[in-house]
Amino acid sequence: MVETPNTDCRNVTANDSGGAERTLEVEAWFVREVLPLEAVLIQFLNRSGRSKADVEDLRQDVYMRVCAAAYKEIPNPARPLVFTIARNLLIDRLRHEQVVPIDVVENLDVLNVAIDERTPDRAVIAREELRKFQAALEKLPERERTVISMQKIEGLSTREIAERTGIPERTVRWSLNEGFRTLAELMLREPADIRRIS
Amino acid sequence: MTGIPENDLIAPASAADVDARAMDFILKRHLDDWSAQDRAEFESWLAQSFAHKAAYWRLQSVWSRADRLSALRPLSPNRPAPKTAPRRGALLKIAATVVLLAGAGAAAVAFMSNPAAKTYETALGERKNITLADGSRIELNTDTVIRADVNESRRTIELVRGEALFQVHHDAARPFTVLASHHRITDLGTTFVVREKPGRLEVALLEGQARLESESAKARSQQVAVLMPGDEAVATPQRISVTRKPVAGIRDDLGWRRGVLVFHRTSLSEVAAEYNRYNERKIVIADRSAAARTMSATLPVNDLDTFARIARNFLGLRVRESKDEIVISN
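Protein chains in written order, with my numbering: chain D, 4 to 201; chain R, 42 to 371.
It should be emphasised that the hints constitute simulated quantities derived from the structure, not laboratory data.
Check before you lean on any hint, since a few could be wrong.
Said to hold, decoys possible - Using 20 Å as the maximum straight-line C-alpha spacing, the simulated DMTMM-like pairs for lysine to aspartate or glutamate come out as follows:
{"no.": "1", "chain 1": "D", "residue 1": "K55", "chain 2": "R", "residue 2": "D58"}
{"no.": "2", "chain 1": "D", "residue 1": "K135", "chain 2": "R", "residue 2": "E362"}
{"no.": "3", "chain 1": "R", "residue 1": "K169", "chain 2": "R", "residue 2": "E193"}
{"no.": "4", "chain 1": "D", "residue 1": "K142", "chain 2": "D", "residue 2": "E131"}
{"no.": "5", "chain 1": "R", "residue 1": "K323", "chain 2": "D", "residue 2": "E163"}
{"no.": "6", "chain 1": "R", "residue 1": "K69", "chain 2": "D", "residue 2": "E131"}
{"no.": "7", "chain 1": "R", "residue 1": "K69", "chain 2": "D", "residue 2": "E172"}
{"no.": "8", "chain 1": "R", "residue 1": "K364", "chain 2": "R", "residue 2": "E321"}
{"no.": "9", "chain 1": "R", "residue 1": "K69", "chain 2": "D", "residue 2": "E163"}
{"no.": "10", "chain 1": "D", "residue 1": "K142", "chain 2": "R", "residue 2": "D108"}
{"no.": "11", "chain 1": "R", "residue 1": "K323", "chain 2": "R", "residue 2": "E362"}
Said to hold, decoys possible - Here are the in silico distance ranges between beta carbons for each label pair:
{"no.": "12", "chain 1": "R", "residue 1": "Q78", "chain 2": "D", "residue 2": "A56", "range": "31 to 41 Å"}
{"no.": "13", "chain 1": "D", "residue 1": "E24", "chain 2": "R", "residue 2": "S370", "range": "38 to 48 Å"}
{"no.": "14", "chain 1": "R", "residue 1": "Q78", "chain 2": "D", "residue 2": "E24", "range": "52 to 62 Å"}
{"no.": "15", "chain 1": "R", "residue 1": "T160", "chain 2": "D", "residue 2": "L27", "range": "22 to 32 Å"}
{"no.": "16", "chain 1": "D", "residue 1": "R134", "chain 2": "R", "residue 2": "P239", "range": "58 to 68 Å"}
{"no.": "17", "chain 1": "R", "residue 1": "V186", "chain 2": "D", "residue 2": "E193", "range": "39 to 49 Å"}
{"no.": "18", "chain 1": "D", "residue 1": "A56", "chain 2": "R", "residue 2": "N317", "range": "23 to 33 Å"}
{"no.": "19", "chain 1": "D", "residue 1": "A56", "chain 2": "R", "residue 2": "E243", "range": "28 to 38 Å"}
{"no.": "20", "chain 1": "D", "residue 1": "E24", "chain 2": "R", "residue 2": "N354", "range": "41 to 51 Å"}
{"no.": "21", "chain 1": "R", "residue 1": "V368", "chain 2": "D", "residue 2": "L27", "range": "52 to 62 Å"}
What the hints assert, rightly or not - Not close to chain D: a few residues of chain R, all C-beta gaps over 12 Å, as computed:
{"no.": "22", "residue": "A52"}
{"no.": "23", "residue": "D58"}
{"no.": "24", "residue": "A61"}
{"no.": "25", "residue": "D65"}
{"no.": "26", "residue": "S90"}
{"no.": "27", "residue": "A92"}
{"no.": "28", "residue": "E193"}
{"no.": "29", "residue": "V201"}
{"no.": "30", "residue": "R241"}
{"no.": "31", "residue": "G290"}
{"no.": "32", "residue": "K323"}
{"no.": "33", "residue": "R329"}
{"no.": "34", "residue": "S330"}
{"no.": "35", "residue": "P341"}
Source: prediction; values computed, not measured.
C-beta atoms are modelled at their ideal positions from N, C-alpha and C, and glycine is treated no differently.
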């Protein structure tokens, strides 16, 4: 059982956090250490039986708190902090909603087994990454797949895509937006959570 | 910079809304003209909440990773213009083009004996800057040999040995290609560094984009990687693997451009290997326990005396100096 770190970061502001350089450090750390945990984090949050939108909001809350903490001091390793925050958030929600008896809350500790799952490989072979992207693209709805392929593979602008496909520019832009967010979920959650998205 | 409000730990909106907004900024930034006003709007949004920052970093990281998809694009500057939207099979057709490219490597063999190629080299400890006729710049590190063949139709550089940094003046009609130990690097407008080591090749990308392809007969087909800033590729005859590090880390590795070596908790065995690339007088680490010790410092490439002092005074190691060697032991 990890010790609960202080995650009350109300006094952290962009001003006293060391400025632009600190932000770059936190970003690099977040991308390198936290995002690879997303698949397991989502699996963990899903076990609380909440809706997809709720789970995404919880994820947002976890990331927000993790980043706030990292501005003070970058936690090493990241994993215990991420899952302690996630667990505490879940407990808070359950208490707040007053729908579960306390013993269920205590059983949440059991969920901590997720912490011991394997870490995804850090060094990714480029070819493997390309294959994953292709597989994820195949899972998108037709229109989103088309516009993302045209943008990312052929390097076309929104207008060029609109001209070639006959889809209005605004729709192209929205399909890129939605399609790419789904693509991000597929890429960050493969293979743990791929079922829930489709 | 705007301070973060007191209630910075209250999520500003649903994750779906925040993600959509972050994605909108990313698309605007990469696909449209990004005006000063857009930038200001984006920065104030980013400063409003850690939730905004996290959402942006998350999506931007995948957006950058997805640039690898451009490896599926044919290299030819005359981009084929499909009349209709790509259908399901389109990805497969584009991928097939990449396989064909691997066969184009035969041209490299002819180049090796090309008399028009000009040779540039540096001695041990020497550095040299070269500006090619097209404006591209090449910086040669210690003990390096390159052959350059630049004319109206092509720009081909062969790295025979050593390490060089390339700042390429992009010209789609005249691709800039670097050949090194059975690999070919093609720029897509870029700054990158290539280092040849026994049995392997290291390529680090600072700016722009470059494509790294294997030309070795031993390699399986489709050994191709598109490198993004921060990518460091290690290529052996069998495979190419890519890791990402902060661009700042790669800049440390390029200390030689300023005549220094930058070490961050680097093991003495690596420190010795680095110094030995530049100096006749060699550092020898005599035992394994000394080799595993680490140090952090920025030192001139030829300043062996300071290194010896650090080893003796800070690491408490035994240092024996002679004319040809500095021997370090525990």
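For this session: Could you work out which earlier hints the structure fails to respect and list their numbers in ascending sequence?
Result: Hints 2, 3, 5, 6, 14, 15, 16, 18, 19, 20, 21, 22, 23, 24, 25, 26, 27 and 31 not satisfied by this model.
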